[in-house]
Amino acid sequence: MLMLVAWSVLPFLWTFQTSIKFTRDVAAKKPVLWGYETTANAYRAFWLDEDDINMWSVLVYILAVAAICLILGQIGKRVRHSWPWFTAAVGVIFVALWRFPRIWEVNDEYDFLINSIVVTVLTMLISLSIGLLAGYGLARYTGISGAVILIVALGFRALPRTAFVLPYFFGAKEIDDWLASSGVGSWDFPFIDFPGIDTLQILDTRLAIVLALVAVNQPFTIWMFRSFFMEVPKEIEEAAMMDGATRLQAFRRVIIPMMWPAIIATGLFTMLLAYNEYLFVRVLAPTEWTLPVAIVSLTGGESSRTITEAAAASVSITLPIVVVIILFQKHLVKGLGAGAVKG
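Start counting the sequence shown at 32; every next residue gets the next number (our numbering).
Accuracy of the hints is not assured; some may be wrong.
[What the hints assert, rightly or not] SDA-like, lysine to any residue: derived pairs with alpha carbons at most 20 Å apart: (1) K204 with I233; (2) K108 with M289; (3) K265 with I294; (4) K108 with V121; (5) K265 with I286; (6) K61 with D82; (7) K265 with I233; (8) K265 with L279; (9) K265 with K108; (10) K108 with I356; (11) K60 with T46; (12) K265 with A276; (13) K108 with F359; (14) K265 with Q280; (15) K265 with W291; (16) K204 with G168; (17) K265 with M289; (18) K361 with K265; (19) K108 with A276; (20) K265 with R278; (21) K61 with L41; (22) K361 with G104; (23) K361 with G202; (24) K361 with W291; (25) K108 with Y92; (26) K265 with Q249; (27) K361 with L101; (28) K361 with C100; (29) K108 with V89; (30) K361 with V123; (31) K61 with N85.
Since the hints were made in silico from the structure, they are not lab data.
Please model the complete structure; the sequences and the hints are all you need to start from.
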């Protein structure tokens, strides 16, 4: 196990070491593994637009936000109604993200981070909402059409993503051409500023990425939730319906509270799929990139400086996922072991 852990962690440690080195040490013929000077120039060059910013102040800002969220999360674990505390922690994160570019001058890569967060959150919320209802319906329905839907969903999931990306691209382009020719696309919709577009269009927006990722990842969430719902006895919801609840009320008030570990586990997997997506973002959004696309654009350069910046970006994009997995590790294990649920 120790050898396996070392083998798995070594690439991340190597990347982190590269991100804090000077260019001369990265470009050296022999790898410089120790005794080198450390610097935060790569992080400053990737995220910030000023060369004289004190990175210690940035680190203190990030640690302060993390500490506040950790305190709110710990309080939420110890009180009966925990959702206000976790909601407050999410609010602190959003306020911190909103304030950061107003305190320091940031590069375009910060916009790519916001794109990654928006795309991931929207994909996860939509996929979980549809997957819960579809998984529950397919788990309780025993007709032949349900089996056909599951087989078709599994077939779509098995297809390579290259089979989907061009149809989505041409479909979005045709819709944009129709909107432009009809004059609808020239209308100004202020409320559409949130998805990242100023006028009504599909291609090169966060909306296109979210729609494509939801469609591609939806079979996964449906199959996951169906397997979880299959282990929940029907008698539980039937008892609630005998007490006067409708099927929807029984689903919302009885089944959903039992499914939280499964929801968190499926949500984490969906988050990873959306957060690390490259192909759909690169094709459907030529300018509205997410962080994985921005990192790949750096690794294609011949300069050693771009290598250190790519390493810094890789560490920056990985650490939030590691923190989320650590925070929800217990729920993840419960969700993966939800097959042991008994009535």
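Flag every earlier hint the structure violates by its number, smallest first.
6, 7, 9, 16, 18, 19, 23, 25, 26, 29, 30 and 31
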